[in-house]
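Chemist: What follows is each chain in one-letter form.
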Amino acid sequence: METTKSKDKFVVPIGPQHPALKEPGHFEFTVDGEIVTGATVRLGYVHRGIEKGCEDRNWTQGMYLVERICGICSHVHATAYALGAEQLAKVVVPPRAQAIRVLVSELERIHSHMLWLGVQAHEGGFDTLFMYTWRDRETVMDLLEMLTGNRVNYSANVLGGVKCDVTDEIASAILKGVDYLEERARYYLNIVTTDETFLGRTRNVGTMTPEQAVRIGAIGPTARASGLNRDVRVNAPYAGYVDFPVQIVTAQGGDLLARTIVRVNELFESIRLIRLIIEKLPPGELTARMPRRVPEGAVVSRVEAPRGELFYYLRSGGGDKPERVKVRTPSICNWATVMAVAIGHNLADMPMLLAGIDPCFSCSDRSVSVVRAGKEEYLTWEALRQYGIGYYK
Amino acid sequence: MKVGVMIGDLLRSLFRKPVTQQYPVVKIPAPERMRGKLFYNPEKCTGCMLCVKDCPSEAIELIVLDRVNKRFVMRYHVDRCTYCGQCVENCRFSCLGMSSTEWELASTKKEPFEVYYGRDEDIQALMDRLDLESGSPHNKKD
Amino acid sequence: MSTLTSLLALTIFPGGLFLLANGLLYEWVDRKLVAQLQNRVGPRWFQPLADVFKLFAKEEVVPEGVHRGLFWGLPVAALAAALTAALYVPLAGLQPAASFRGDLIVAVYMLSLLTICLGVAGANTFSRFAIIGATRTLTQLFSYEAPFMLSLLGPAILAGTWQISAINQFAASHTWMLLIQPVGFVVALVGLMGKLELPPFDAPEAETEIVSGALTEYSGRGLALFRLGKNIELVIGLTLVSAFYLGGLTNPLSFLLKTLALLFILALLQSLFARLRIDQTVGLWWRVGALLALAQILLVIVLKGVGVL
Chain A
1 METTKSKDKF VVPIGPQHPA LKEPGHFEFT VDGEIVTGAT VRLGYVHRGI EKGCEDRNWT
61 QGMYLVERIC GICSHVHATA YALGAEQLAK VVVPPRAQAI RVLVSELERI HSHMLWLGVQ
121 AHEGGFDTLF MYTWRDRETV MDLLEMLTGN RVNYSANVLG GVKCDVTDEI ASAILKGVDY
181 LEERARYYLN IVTTDETFLG RTRNVGTMTP EQAVRIGAIG PTARASGLNR DVRVNAPYAG
241 YVDFPVQIVT AQGGDLLART IVRVNELFES IRLIRLIIEK LPPGELTARM PRRVPEGAVV
301 SRVEAPRGEL FYYLRSGGGD KPERVKVRTP SICNWATVMA VAIGHNLADM PMLLAGIDPC
361 FSCSDRSVSV VRAGKEEYLT WEALRQYGIG YYK
Chain B
1 MKVGVMIGDL LRSLFRKPVT QQYPVVKIPA PERMRGKLFY NPEKCTGCML CVKDCPSEAI
61 ELIVLDRVNK RFVMRYHVDR CTYCGQCVEN CRFSCLGMSS TEWELASTKK EPFEVYYGRD
121 EDIQALMDRL DLESGSPHNK KD
Chain C
1 MSTLTSLLAL TIFPGGLFLL ANGLLYEWVD RKLVAQLQNR VGPRWFQPLA DVFKLFAKEE
61 VVPEGVHRGL FWGLPVAALA AALTAALYVP LAGLQPAASF RGDLIVAVYM LSLLTICLGV
121 AGANTFSRFA IIGATRTLTQ LFSYEAPFML SLLGPAILAG TWQISAINQF AASHTWMLLI
181 QPVGFVVALV GLMGKLELPP FDAPEAETEI VSGALTEYSG RGLALFRLGK NIELVIGLTL
241 VSAFYLGGLT NPLSFLLKTL ALLFILALLQ SLFARLRIDQ TVGLWWRVGA LLALAQILLV
301 IVLKGVGVL
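Those protein sequences? They're chains A, B and C, same order as listed. Mind the numbering: the first sequence is residues 1 to 393 in the working numbering, read in order. Mind the numbering: the second sequence is residues 1 to 142 in the working numbering, read in order. Mind the numbering: the third sequence is residues 1 to 309 in the working numbering, read in order.
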């Protein structure tokens with residue numbers, strides 16, 4: 001492999017295969033010594049054609065397909081899809097089901113943030129914190145398995161409600177688990193804000209001003225760390241969040257330390273919400289009757305994934321299969337924040353910056369561009385299919 | 001300025017057993033809602049096919065031997081199943097259930113992945129018919 | 001018959017095979033201790049040995065455009081340097097195989113030669129990760145060398161000689177240098193971590209940034225030889241620091257106990273901290289490390305001149 005040298009700089013590729021990345025993505029950093037002078041990103045390695053796949057499957061099957069876009073935000077994908085479909089069919093979901101949906105969402109948020117904390121520590125070389133946060137993440141995964149039946153890809157939703165009920169035994173197990181998690185979260189907050197070696201890697205690294213965040217369009221904890229009040233649960237409450245409101249968690253500073261603090265503080269907020277829901281779970285049915293054919297119309301549903309705002313557009317032509325499902329995941333909006341602040345930092349900060357936005361590559365791949373003989377072009381589905389058929393002839 | 005804030009946890013871990021589960025020597029039982037392998041009880045089945053219609057991966061086929069006398073055989077593809085549980089949810093007569101003890105389903109051969117469920121005589125009748133059609137014996141698994 | 005005993009000493013015990021086995025054992029102890037501190041099960045006792053066997057059995061992929069002689073010769077040179085340094089050090093608590101005045105400098109230089117071989121190997125292969133790793137290795141070598149050498153000089157000044165066996169005798173018959181020169185001990189310990197590229201000073205081989213640093217393109221035999229060289233460096237480093245500061249090594253039992261105690265402290269320090277960036281490492285060493293070591297040396301010289309020590 002030759003080094004591409006141009007004007008005394010050379011290009012360090014991170015990805016598609018790299019120990020820093022958990023999923024494939026290609027980043028090229030132009031470095032001058034150790035200082036980064038340019039950054040580009042290229043995604044598309046995990047494109048699976050899910051939006052097209054939904055058009056061939058009926059509404060129920062589509063929900064399970066969409067749930068598998070991402071392993072860690074699977075429940076919010078299914079919730080957004082179900083909320084959209086229910087709105088089109090004008091089905092009113094019983095309040096107990098809405099509350100259980102929020103319960104699973106918040107447990108998933110805890111799961112995702114603990115995983116993120118471990119990954120961030122690992123990118124910074126702090127393997128001990130990585131091991132301990134992932135050990136404690138097992139607690140929340142066991143709770144989810146007890147409640148829904150699986151550790152990831154919970155499949156708790158059905159169109160019209162939820163499948164799994166909260167019994168007294170499960171409720172008390174959740175409360176006990178959540179107590180343990182709160183104690184550990186306090187401990188991790190202490191480590192993250194006082195340990196000098198970790199602070200040396202996160203303080204004043206990747207600082208993004210609020211104006212930059214607004215201009216780039218950052219969402220989720222990345223934007224909240226710069227002081228913006230962007231949280232769909234607060235700005236446009238959906239499902240059970242109408243009855244169980246959330247307090248927004250922000251931080252000033254906009255650097256990696258602020259993002260860490262926002263995510264760890266969101267753990268506390270989620271734990272508070274879980275305790276409230278278990279205490280005040282409304283009685284009643286779990287599902288409402290959902291027609292097989294969804295009436296014509298188009299709807300937009302937005303939910304708050306652990307990474308930011310998740311946006312779904314569903315269009316129905318009146319049949320039992322959707323006409324168009326469009327998914328806009330939060331990670332797509334946050335990539336630009338890394339590229340904008342990367343210049344001027346050390347190469348050693350790059351993995352931590354990349355992990356700092358909590359990227360979910362599987363969520364981000366919605367279209368693919370084909371580079372042929374140096375020219376880039378975009379292909380429609382039909383053209384791509386013909387290309388594939390012709391390639392193998 | 002503090003360094004080594006995790007020292008308390010580290011020293012405590014010296015005297016604790018590692019938290020790793022030593023699978024397969026030690027197997028912790030799964031909770032009862034765990035979605036493992038699917039099971040079918042033909043007694044109450046009416047052949048409504050709701051489970052087949054909503055399966056996201058076409059893992060269930062319901063073969064009708066005799067609709068009037070309600071003789072059905074279910075062919076279940078273990079490798080296609082995503083263990084979502086929609087079929088269990090759809091069935092109005094509780095003919096389907098997911099096991100919480102049988103979830104170690106890996107295999108090096110293809111045969112264990114095609115499972116036939118039903119009454120013994122129905123399965124035998126299906127096997128005979130399939131043998132007649134294709135001329136080679138099918139293996140039967142219950 | 002003395003040539004036979006020298007040959008046996010060089011190849012079986014305490015040099016050669018024993019030294020290699022000791023290196024593998026200490027690597028295992030280090031990994032197992034770090035695992036226990038992180039609340040997980042570590043590797044089984046034969047893991048480092050199995051790694052070496054596996055690496056010898058694998059195909060060695062030579063990247064395009066490298067200087068072949070250097071590519072194959074550098075791992076051998078690194079291992080040879082480490083084994084040579086072992087000649088002057090009281091391994092297993094026995095007298096060093098060779099000893100002359102000033103061999104402290106030679107032993108430390110041999111260990112640095114290993115790091116230089118590592119850096120040159122990285123610069124030789126044209127991979128981008130290897131070049132950055134090599135730069136970081138050599139930068140780190142440049143920054144911890146002075147404080148580490150100074151911290152080893154502290155006991156040397158008290159003993160009045162630069163010969164390792166003589167310093168060993170001196171340390172065995174006087175109170176532990178750990179108590180007399182605690183600052184020097186701290187600098188020596190941290191310097192050892194820098195020399196061995198242990199976390200938090202593992203920026204030269206940061207897994208999440210530059211894959212494997214200077215050794216990225218090595219596989220098979222070359223990688224096995226480099227790893228063996230690093231393991232031997234671990235043993236020799238531990239022997240030196242425990243011989244000087246922990247009251248000398250006079251018999252195999254004290255060798256085992258003292259080096260294992262030091263290894264335990266190293267494992268603890270490894271797990272406590274996040275990785276330092278290379279500019280933070282250099283800043284730390286040149287600002288804090290060198291000054292502390294200098295201050296300690298000056299104190300020792302003054303006190304010795306005055307007659308207290």
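Just so you know, the hints here were simulated from the structure itself, not pulled from any lab data. The beta carbon of each residue, even a glycine, is placed where N, CA and C say it ideally should be. Hints should not be assumed to be uniformly reliable.
[Unchecked claim] If you only want the chain B side, here are some residues facing chain A, beta carbon under 8 Å, derived: (1) Met6; (2) Gln22; (3) Met34; (4) Leu62; (5) Ile63; (6) Thr82.
[What the hints assert, rightly or not] With a Cα cut of at most 27 Å, we get these calculated DSSO-like pairs of lysine-lysine: (7) Lys17(B) <-> Lys176(A); (8) Lys52(A) <-> Lys27(B); (9) Lys44(B) <-> Lys70(B); (10) Lys109(B) <-> Lys27(B); (11) Lys110(B) <-> Lys17(B); (12) Lys321(A) <-> Lys52(A); (13) Lys321(A) <-> Lys90(A); (14) Lys70(B) <-> Lys37(B); (15) Lys304(C) <-> Lys54(C); (16) Lys58(C) <-> Lys304(C); (17) Lys27(B) <-> Lys17(B); (18) Lys27(B) <-> Lys176(A); (19) Lys27(B) <-> Lys110(B); (20) Lys304(C) <-> Lys32(C); (21) Lys27(B) <-> Lys58(C); (22) Lys22(A) <-> Lys326(A); (23) Lys326(A) <-> Lys280(A); (24) Lys53(B) <-> Lys326(A); (25) Lys27(B) <-> Lys90(A); (26) Lys52(A) <-> Lys326(A); (27) Lys22(A) <-> Lys32(C); (28) Lys321(A) <-> Lys109(B); (29) Lys176(A) <-> Lys280(A); (30) Lys321(A) <-> Lys280(A); (31) Lys17(B) <-> Lys32(C); (32) Lys37(B) <-> Lys53(B); (33) Lys37(B) <-> Lys27(B).
Chemist: Please go over all the hints and tell whether each is borne out by the structure.
Modeler: Status of the hints after comparison with the structure:
no., hint, in the structure
1, Met6, "6 Å, holds"
2, Gln22, "15 Å, violated"
3, Met34, "6 Å, holds"
4, Leu62, "17 Å, violated"
5, Ile63, "21 Å, violated"
6, Thr82, "6 Å, holds"
7, Lys17(B) <-> Lys176(A), "22 Å, holds"
8, Lys52(A) <-> Lys27(B), "41 Å, violated"
9, Lys44(B) <-> Lys70(B), "9 Å, holds"
10, Lys109(B) <-> Lys27(B), "24 Å, holds"
11, Lys110(B) <-> Lys17(B), "40 Å, violated"
12, Lys321(A) <-> Lys52(A), "12 Å, holds"
13, Lys321(A) <-> Lys90(A), "17 Å, holds"
14, Lys70(B) <-> Lys37(B), "24 Å, holds"
15, Lys304(C) <-> Lys54(C), "53 Å, violated"
16, Lys58(C) <-> Lys304(C), "56 Å, violated"
17, Lys27(B) <-> Lys17(B), "17 Å, holds"
18, Lys27(B) <-> Lys176(A), "23 Å, holds"
19, Lys27(B) <-> Lys110(B), "26 Å, holds"
20, Lys304(C) <-> Lys32(C), "42 Å, violated"
21, Lys27(B) <-> Lys58(C), "35 Å, violated"
22, Lys22(A) <-> Lys326(A), "25 Å, holds"
23, Lys326(A) <-> Lys280(A), "35 Å, violated"
24, Lys53(B) <-> Lys326(A), "24 Å, holds"
25, Lys27(B) <-> Lys90(A), "46 Å, violated"
26, Lys52(A) <-> Lys326(A), "9 Å, holds"
27, Lys22(A) <-> Lys32(C), "26 Å, holds"
28, Lys321(A) <-> Lys109(B), "36 Å, violated"
29, Lys176(A) <-> Lys280(A), "17 Å, holds"
30, Lys321(A) <-> Lys280(A), "37 Å, violated"
31, Lys17(B) <-> Lys32(C), "13 Å, holds"
32, Lys37(B) <-> Lys53(B), "19 Å, holds"
33, Lys37(B) <-> Lys27(B), "18 Å, holds"
Of the numbered hints given earlier, the model fails hints 2, 4, 5, 8, 11, 15, 16, 20, 21, 23, 25, 28 and 30; all others are met.
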